[in-house]
Amino acid sequence: MIDFDLSEEQKCLQQMIRNFAKTEISPGAADRDEKMSFPHELIPKMAAMKLLGIAIPEKYGGAGLGAMETAIVLEEIGRVDGATALIVASHNALCTAHLYRFGTEAQRERYVVPLAKGEKLGAWALTEAGSGSDAAALQTTAVLDGDAWVINGSKLFTTQGATAGITVMMASTLPGGGAGGISAFVVEKGTPGLTVGKVENKLGVRASDTAALHFEDLRIPKANLIGACGEGFQDVLQILDGGRIGIGAMAVGLARGALEESIHYAKEREQFGHPIADFQAIQAKLSDMSSEIEAARLLVYRAALLKDHGDDFKLAASEAKLFASEMAMRATSQAIQIHGGVGYLKEAPVERYFRDAKICEIGEGTSEIQRRVIAKELLR
Amino acid sequence: MKIAVCIKQVPATESKIKPSSDGKEIDRTGLSYVVNPYDEFGVEEALRIKERLESSVTVVTMGTERAEEALRTCLALGADQAIHIKDDLLRGGDAYGVALVLTTALMKEHYDIIFFGKQAVDDDSGAVGIHVAELMGLPHVAVINKLDLKPEEGRALASRQIEGATEMVNIKLPAVFTCQKGLNEPRYASLPGIMKAKQKPLTTLTLADLGVDKDAVGAKGAKLVVDCIKAPRVRSTGNIIDKNPSESVEELVRLLRDEAKVL
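Protein chains in written order, with my numbering: chain A, 1 to 380; chain B, 1 to 263.
These are computed hints drawn from the structure, not numbers from a lab. Being a predicted model, the structure only gives us computed values, none of them experimental. Here a beta-carbon is modelled for each residue, glycine too, at the ideal position from N, C-alpha and C. Mixed in with the good hints there might be a few duds.
According to the in silico footprint, chain B covers these stretches of chain A (three or more CB under 8 Å from chain B) [said to hold, decoys possible]:
1. 41 to 51
2. 60 to 72
3. 353 to 362
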């Protein structure tokens with residue numbers, strides 16, 4: 001028999017994060033979205049709860065938990081605010097995970113500890129103007145000059161690009177070498193040669209900053225190379241696999257938010273002398289949303305459990321992310337439909353959930369890339 | 001400092017409460033439960049003392065099987081151990097019976113400070129903490145919003161809001177305090193705190209373990225009996241007369257005479 005139940009501790013954790021999300025994150029979410037203002041005030045609170053180092057061992061300042069607990073946390077935060085969920089997801093699963101997983105002991109001490117403790121925020125810079133889904137086509141270069149790497153180039157769409165204290169960035173150490181010439185580096189805020197460019201004005205997840213980063217003759221110590229030189233692309237793919245579980249969890253949270261708001265609204269709103277929840281057309285929408293949310297959550301949990309058990313989770317992570325993010329688009333769209341005209345207004349949280357959900361189909365590998373990953377695994 | 005915090009598990013504050021079918025109790029179907037919010041101030045205050053002074057924090061509750069969740073929540077926040085008093089014979093008891101049982105449990109150790117919430121948000125009686133102080137022969141300050149410990153003098157300075165003023169009470173420890181909103185800002189449990197809560201000691205005690213006379217507590221020992229619980233009367237929506245002034249007056253007079261029958 002497959003056990004679909006969370007452990008007592010996981011349930012307690014879920015309840016606590018639900019309470020925290022409702023009391024601390026939800027109240028300012030619409031305002032932060034409107035003003036594109038980063039939730040700086042939430043960072044110390046989340047740090048105290050160890051939400052910024054969920055899967056990092058306690059020895060390095062984290063909570064010592066795994067992908068499953070990360071998924072539980074991200075669903076609960078995503079339930080009220082996609083932007084904060086994205087911040088927590090990318091900080092944990094991309095930057096911090098990359099440095100922990102492939103960093104040296106010295107790099108763990110120097111970078112992972114402040115990241116896991118939430119003293120510094122992390123960003124992870126891969127995408128460039130000419131390389132998105134074709135990540136290996138990146139043009140930023142890193143050249144060894146004596147004891148320093150000299151980096152030149154620009155990154156686009158970096159989540160936390162403007163707020164991060166520590167950035168993991170990918171550059172080519174073998175120009176023209178494609179995937180085989182890519183290496184990862186860690187760069188600290190304030191390093192001469194690093195400038196934050198345009199902060200993007202986005203459709204959704206607006207409180208999470210997305211910025212361009214420019215590297216101009218940036219010199220970093222030789223020791224800032226993460227992992228083996230020229231093997232960064234393999235590491236990047238593994239990190240993305242882990243990140244996808246988190247995006248799936250966030251999508252489940254947004255969809256659940258859409259469903260819960262819709263149930264509430266359908267019971268209150270009366271038309272033709274009845275609450276609209278009495279009408280089968282509305283009931284069908286709610287039923288479909290609920291069934292799809294449950295299915296997506298199980299896919300996310302399965303991928304997380306495989307990862308926590310040390311099994312191959314690449315296929316499961318892509319399937320979870322693909323289904324959950326497309327499901328979240330359907331659910332949030334139906335939520336607006338149930339709300340009617342009210343749902344189209346900024347006052348309705350479902351309007352924000354709809355806009356936030358879209359990023360799940362794009363970030364950390366588009367749906368098209370997920371289908372490619374899945375097909376590749378199937379047809380191997 | 002040895003600190004005890006007495007807590008109660010109550011229906012979540014946003015719950016919609018309905019009387020049960022026999023009208024003696026509330027209908028508990030579908031309710032979710034939390035630690036009484038005023039008790040959380042007591043837990044937080046105890047944890048803050050522990051952060052400054054060498055202390056141990058024990059959380060105590062009397063309740064059904066389910067109440068263990070509330071104790072685990074407090075252990076996740078940072079309490080060191082928990083005592084769960086659980087016995088079917090306790091059903092139907094009143095505040096005095098609860099106080100008698102808690103007193104017996106608290107007397108088994110020497111606590112310097114005992115915290116209670118100022119009241120539980122379910123029955124709002126606000127009596128248990130003060131009953132316990134009386135039964136234990138300890139001084140108490142109720143409804144505190146500030147507490148300064150003077151451990152070297154064995155005393156504490158507690159503040160409470162009274163009509164138009166703040167009352168400062170200098171009190172000798174051991175003592176009982178009941179906590180009011182404003183005393184502190186309760187923390188959220190950390191993820192490692194939650195995962196470790198299960199390993200912390202939780203002792204379950206029955207009336208027999210405590211040596212409490214079963215006839216003195218529960219429904220048998222209750223000094224007050226709840227006759228019935230009624231839902232507040234549903235207020236009908238107001239009637240807006242939306243006509244021109246002279247017609248409105250006419251309509252109002254008609255309604256007052258014919259429908260309200262007050263004229």
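- Compare the structure with the hints numbered earlier in the document and write down the numbers of the violated ones, lowest to highest. Number 3 only.
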